[in-house]
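Protein chains: 2
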Amino acid sequence: MNKLINDTYLCAALSEPVERTPVWMMRQAGRYLPEYRAIREQAGDFMSLCKNPQLACEVTLQPLERYPLDAAILFSDILTIPDAMGLGLYFKEGEGPCFEHPVRTAADVAKLPVPNPSDTLSYVMDAVSVIRKELNNRVPLIGFSGSPWTLATYMVEGCSSKDYRRIKGMMFSEPRTLHKLLDKLADSVIAYLNAQVESGAQALMIFDTWGGVLTERDYKEFSLSYMQKIVSGITTVAEGRKVPVTLFTKNGGQWLDAMAETGCDCLGVDWTMDLSKARAMVGDKVALQGNMDPSILYGSPERIKQEVATILESYGKGTGHVFNLGHGIHQFVDPENAGVFINAVHELSPKYHT
Amino acid sequence: MNKLINDTYLCAALSEPVERTPVWMMRQAGRYLPEYRAIREQAGDFMSLCKNPQLACEVTLQPLERYPLDAAILFSDILTIPDAMGLGLYFKEGEGPCFEHPVRTAADVAKLPVPNPSDTLSYVMDAVSVIRKELNNRVPLIGFSGSPWTLATYMVEGCSSKDYRRIKGMMFSEPRTLHKLLDKLADSVIAYLNAQVESGAQALMIFDTWGGVLTERDYKEFSLSYMQKIVSGITTVAEGRKVPVTLFTKNGGQWLDAMAETGCDCLGVDWTMDLSKARAMVGDKVALQGNMDPSILYGSPERIKQEVATILESYGKGTGHVFNLGHGIHQFVDPENAGVFINAVHELSPKYHT
Chain A
-19 MNKLINDTYL CAALSEPVER TPVWMMRQAG RYLPEYRAIR EQAGDFMSLC KNPQLACEVT
41 LQPLERYPLD AAILFSDILT IPDAMGLGLY FKEGEGPCFE HPVRTAADVA KLPVPNPSDT
101 LSYVMDAVSV IRKELNNRVP LIGFSGSPWT LATYMVEGCS SKDYRRIKGM MFSEPRTLHK
161 LLDKLADSVI AYLNAQVESG AQALMIFDTW GGVLTERDYK EFSLSYMQKI VSGITTVAEG
221 RKVPVTLFTK NGGQWLDAMA ETGCDCLGVD WTMDLSKARA MVGDKVALQG NMDPSILYGS
281 PERIKQEVAT ILESYGKGTG HVFNLGHGIH QFVDPENAGV FINAVHELSP KYHT
Chain B
-19 MNKLINDTYL CAALSEPVER TPVWMMRQAG RYLPEYRAIR EQAGDFMSLC KNPQLACEVT
41 LQPLERYPLD AAILFSDILT IPDAMGLGLY FKEGEGPCFE HPVRTAADVA KLPVPNPSDT
101 LSYVMDAVSV IRKELNNRVP LIGFSGSPWT LATYMVEGCS SKDYRRIKGM MFSEPRTLHK
161 LLDKLADSVI AYLNAQVESG AQALMIFDTW GGVLTERDYK EFSLSYMQKI VSGITTVAEG
221 RKVPVTLFTK NGGQWLDAMA ETGCDCLGVD WTMDLSKARA MVGDKVALQG NMDPSILYGS
281 PERIKQEVAT ILESYGKGTG HVFNLGHGIH QFVDPENAGV FINAVHELSP KYHT
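These protein sequences, in sequence, are chains A and B. Residues in the first sequence are numbered consecutively from -19, following the working numbering. Residues in the second sequence are numbered consecutively from -19, following the working numbering.
Be aware that one or more of the hints could be misleading.
Note that identical chains are pooled: a pair holds if it fits in a single copy or bridges any two copies.
[As the list claims (entries may be wrong)] In the DSSO-like style, the derived pairs of lysine-lysine whose C-alpha atoms are separated by at most 30 angstroms in a straight line are:
hint, residue 1, residue 2
1, Lys257, Lys297
2, Lys230, Lys257
3, Lys31, Lys113
4, Lys209, Lys257
5, Lys285, Lys160
6, Lys257, Lys285
7, Lys142, Lys200
8, Lys230, Lys142
9, Lys200, Lys230
10, Lys331, Lys200
11, Lys142, Lys91
12, Lys160, Lys72
13, Lys142, Lys285
14, Lys285, Lys200
15, Lys91, Lys31
16, Lys257, Lys200
17, Lys142, Lys31
18, Lys200, Lys160
19, Lys91, Lys160
20, Lys209, Lys160
No wet-lab data here; the hints were simulated from the structure.
Same shape as in the complex, but just chain A (with noise of 0.2 angstroms):
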């Protein structure tokens, strides 16, 4: 492969030095844009524009045509590695992904498979081999996953949740067969970044998106030690250079100093964390990367302008700083905030890479 022409996101997530602040989105490949409604109209249903390798390609790039980004991240779903062990996802219409076979009792958890990831995660390997070839090494790609307890919480679930009753019921009541799901889930998330590693992605990500409903004992027994398992189990080098790993809780900003404790070189923070208070809990163990409330692209550029300000100086000098919001970009908010968003990051940020 030939040299990234910008590669200040590999660069800042790994703690190496910067000329300023890179920049990216969670969920950059959206709603939000015409153009990819668009395409998802084209494609049908939404798992179906995830399998469908040319035209995630194609939503993976669509805001890299609009914005300066400084990364590009894979466009799949979370829930892919549930999907591949035959639970049967599904979109139910205002309530979120749903199994069809949900998880529930220790022979549940024994008969589901390990997916190989060439086999029925093809679709994601070829999308990740795709978008790499197009991208045109112009930025990094960023392959993700699910963390364990995040995917577990949907399996054991079925559906979205307000109160996690069935998985805190097994939790509380079957820990033994929860962690033999959250293990082969672990195994089966090692494989599926590798495989995506080898494909061409050359950042990682892992999403908890549930840990932050959890005591900080369960928290660290039923989601960080799986995700500790995964970070000591994936390829580190690619390409001769190293492949930063991202971990995000949301709402996990109280247990930072445990998540930097994992290896992982970069983690996530939500708003309600101030990124001074961050930094002073993981110290220059780990970069970070946020924080910025999602619904601030609903204000004037102004006021965006002025909240890009704020977090900057909250982060302060030096690198170790990713920007992105503390959250996905909200499906409603004007494409030309976002782009105001990202400039505003690169117009302001120099001055703290001197």
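We have chain A; now place chain B onto it with these hints.
Then chain B, alone, in the frame of chain A:
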């Protein structure tokens, strides 16, 4: 009024010595109790139950008949104030509370009245008086209100919201309008809580359900400062005794130090924050209330007792701990398990108070 028979809740919330840790449950009068469901059916809808002082008293006392709880809490809704402002509160099946006339503009805010508690909210004061009389000094009665930010969230969104698009839109685009609304709500809450104390409430709690969706900066400016105003404006002594005030921001664990500066007596803590960390953050400035994950009540009696022991140990020795769940009790919990929880706190806590 006669002397309270069991005042451990008041003492612990004021960080005065106790012989064992007091305990009550948020939403202890609720759908998990068959006797509650019977009264609720008799009343018709939820607001008819709130607006009938005799029935509100009956459901308030139901959990005290079953369990040796150390406090009663007024049965009411957090949205009585906006309802009294004329916004037309109603409950949409599966969606929670909604308003017929949401607040969207500066003109909407300007025409909102500050409700007179003895007029449009007299049903609440009548309920407080009746409950207090029926309680007959067994345990103290806690009055409560929603926080200005939380009330404003419902009033501006109109219904429950996933992304808080409208209230945050107002916050970012028209902060002065939002400040006017919050200030009017703070005045209304002060009058409302003072009237509850005058009617017999012996302690107060402010529920800030949605403060945790803000950044630290926005939380301090738009939620905490108005709770501060309320703490400074409410009656602090009734019947010759201090009225403890508890603030609770769900998902606000990272801001406990700032909350402790308001002059309140006690802070509610959800289960994502370890109590030893919380105690280290606030020192001896305030007592702490919490923080068992309500989902533990789906577990076995042994698991429940084990969790109670872990939480007592995480708080450690000395007064200043009011045991509670980290959020309201879930509707599908077996009432027997709630009893196991309450009894475990009473059995296991004396050794922390010698």
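Among the hints numbered above, which are violated by the structure, and what are their numbers in rising order? Failing hints: none at all.
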